[in-house]
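*Asks:* Residue numbers (the numbering used here), protein chains in the order written: chain A, 1 to 180; chain B, 1 to 180.
Possibly wrong hints are sitting among the right ones.
Under the rule of at most 25 Å between Cα atoms (straight-line distance), these lysine-lysine pairs were calculated in the DSS-like manner [unchecked claim]:
#, chain 1, residue 1, chain 2, residue 2
1, A, 42, B, 162
2, A, 162, A, 2
3, B, 179, B, 161
4, B, 179, B, 4
5, A, 179, A, 20
6, B, 71, A, 179
7, B, 161, A, 161
8, B, 20, A, 20
9, B, 126, A, 20
10, B, 88, A, 20
11, B, 162, A, 162
12, A, 162, B, 161
13, B, 162, A, 161
14, A, 4, A, 126
15, A, 154, A, 42
16, A, 126, A, 95
17, A, 108, A, 86
18, B, 2, B, 88
19, B, 42, B, 20
20, B, 42, A, 162
21, B, 20, A, 154
22, B, 71, B, 42
23, A, 126, B, 20
24, B, 108, A, 20
Quick list of simulated restraints, FRET-style, between CB atoms [stated by the list, open to error]:
#, chain 1, residue 1, chain 2, residue 2, range
25, B, 112, A, 61, 50 to 56 Å
26, B, 3, A, 64, 44 to 50 Å
27, A, 46, B, 112, 20 to 26 Å
28, B, 67, A, 58, 54 to 60 Å
29, A, 41, B, 35, 36 to 42 Å
30, B, 44, A, 95, 31 to 37 Å
31, A, 46, B, 167, 21 to 27 Å
32, B, 93, A, 64, 53 to 59 Å
Don't read these hints as lab results, they were simulated from the structure.
Quick caveat: nothing in here was measured; it's all calculated off a predicted structure.
In this text, a Cβ means the ideal position worked out from N, Cα and C, and glycines have one as well.
Now for the letters of each chain:
Protein chains: 2
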Amino acid sequence: MKNKNRVFIATSLDGYIADKNGGIDWLDSIPEINQIDTGYNKFMSEVDALVMGRSTFETVCGFDIDWPYQKPVFVMSRSMTEIPEKFKDKAQLVKGTLAEILEQIHKKGYHRLYIDGGNVIQSFLKEDLIDDMIITVIPILLGNGIPLFADLPKPLNFECKKSIVFLDKIVQNHFIRRKT
Amino acid sequence: MKNKNRVFIATSLDGYIADKNGGIDWLDSIPEINQIDTGYNKFMSEVDALVMGRSTFETVCGFDIDWPYQKPVFVMSRSMTEIPEKFKDKAQLVKGTLAEILEQIHKKGYHRLYIDGGNVIQSFLKEDLIDDMIITVIPILLGNGIPLFADLPKPLNFECKKSIVFLDKIVQNHFIRRKT
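I would like the entire structure built from these sequences, with the hints used as guidance.
*Replies:* And the structure:
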């Protein structure tokens with residue numbers, strides 16, 4: 001099966017995934033978004049596993065909800081030595097370079113990966129390892145915060161294949177990496 | 001007539017309007033864009049005048065083409081003392097606070113304004129003076145550059161009313177300021 005690394009994420013209109021304190025309350029600036037289908041379930045059905053960093057993992061662990069993923073979760077972290085007991089059946093730690101980590105995950109039979117969290121997405125982009133990105137823009141200008149994108153060793157071309165406006169407010173753009 | 005301040009601009013996928021050296025060569029990463037109608041003429045027909053900063057004005061003056069605007073151009077600049085002789089029938093200098101500048105322009109009968117250039121757009125956003133923004137996203141990640149958006153004293157809510165994909169590559173999103 002072809003390996004694919006995919007992103008599905010929400011940003012503010014000015015490209016932030018969290019405010020400067022890491023908060024995501026602004027995602028609720030349009031509360032109706034929780035009542036509509038923005039394609040998350042379809043996207044999830046198209047991936048085999050998730051790859052995230054420590055910070056995203058710990059955020060998810062801290063949510064006061066049941067574990068939200070039905071697919072295996074791989075946590076990339078240099079600093080973490082093991083997954084907390086409570087989550088050992090939910091997630092596994094992976095270490096090494098991105099190439100090594102991907103090799104480990106592919107060997108286990110997971111090829112279509114949901115790459116999540118700002119730092120991890122940025123690391124993948126730095127090595128040109130992202131194939132497509134579905135970015136939902138919550139139309140608020142925050143003014144500052146934690147950006148989705150960061151420095152790159154070289155520019156990367158994408159193509160926008162699809163765009164959907166939800167609720168006359170939110171726009172979701174689907175970008176595919178163009179390799180020429 | 002109702003006063004309106006509007007933006008029509010292209011950014012990279014990571015939100016830059018120019019690369020770190022001020023260059024805009026990357027706008028040509030999809031050269032076919034010059035052969036299609038992205039709504040610029042329609043937008044221009046809906047504004048009465050342009051407002052830009054010194055840097056955008058000097059960039060336009062430097063283009064090796066005929067003067068591109070059929071509408072009056074107001075150049076906001078603290079440092080400029082007069083418009084160069086060659087462009088005196090094309091543009092006029094305006095000074096003062098944004099409120100003062102807008103009052104001057106409105107008094108001359110221009111109410112629907114095309115606000116152009118990163119610094120000027122940022123100044124207008126800081127005072128919550130932008131009514132709508134048509135942003136064309138050229139799907140390239142530059143990694144760094146001159147951003148369209150900057151710090152704000154408070155978050156600003158918009159609504160995306162329309163989105164168009166051009167050439168299966170470029171997406172143009174139309175955001176309207178939501179005041180509640």
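*Asks:* Each of the hints needs a verdict: does it hold here or not?
*Replies:* Evaluated hints:
| no. | hint | verdict |
| --- | --- | --- |
| 1 | A:42 x B:162 | 23 Å, holds |
| 2 | A:162 x A:2 | 22 Å, holds |
| 3 | B:179 x B:161 | 14 Å, holds |
| 4 | B:179 x B:4 | 14 Å, holds |
| 5 | A:179 x A:20 | 34 Å, violated |
| 6 | B:71 x A:179 | 41 Å, violated |
| 7 | B:161 x A:161 | 19 Å, holds |
| 8 | B:20 x A:20 | 24 Å, holds |
| 9 | B:126 x A:20 | 18 Å, holds |
| 10 | B:88 x A:20 | 45 Å, violated |
| 11 | B:162 x A:162 | 13 Å, holds |
| 12 | A:162 x B:161 | 16 Å, holds |
| 13 | B:162 x A:161 | 16 Å, holds |
| 14 | A:4 x A:126 | 16 Å, holds |
| 15 | A:154 x A:42 | 32 Å, violated |
| 16 | A:126 x A:95 | 18 Å, holds |
| 17 | A:108 x A:86 | 23 Å, holds |
| 18 | B:2 x B:88 | 28 Å, violated |
| 19 | B:42 x B:20 | 31 Å, violated |
| 20 | B:42 x A:162 | 23 Å, holds |
| 21 | B:20 x A:154 | 13 Å, holds |
| 22 | B:71 x B:42 | 13 Å, holds |
| 23 | A:126 x B:20 | 18 Å, holds |
| 24 | B:108 x A:20 | 42 Å, violated |
| 25 | B:112 x A:61: 50 to 56 Å | 51 Å, holds |
| 26 | B:3 x A:64: 44 to 50 Å | 47 Å, holds |
| 27 | A:46 x B:112: 20 to 26 Å | 45 Å, violated |
| 28 | B:67 x A:58: 54 to 60 Å | 57 Å, holds |
| 29 | A:41 x B:35: 36 to 42 Å | 39 Å, holds |
| 30 | B:44 x A:95: 31 to 37 Å | 55 Å, violated |
| 31 | A:46 x B:167: 21 to 27 Å | 25 Å, holds |
| 32 | B:93 x A:64: 53 to 59 Å | 58 Å, holds |
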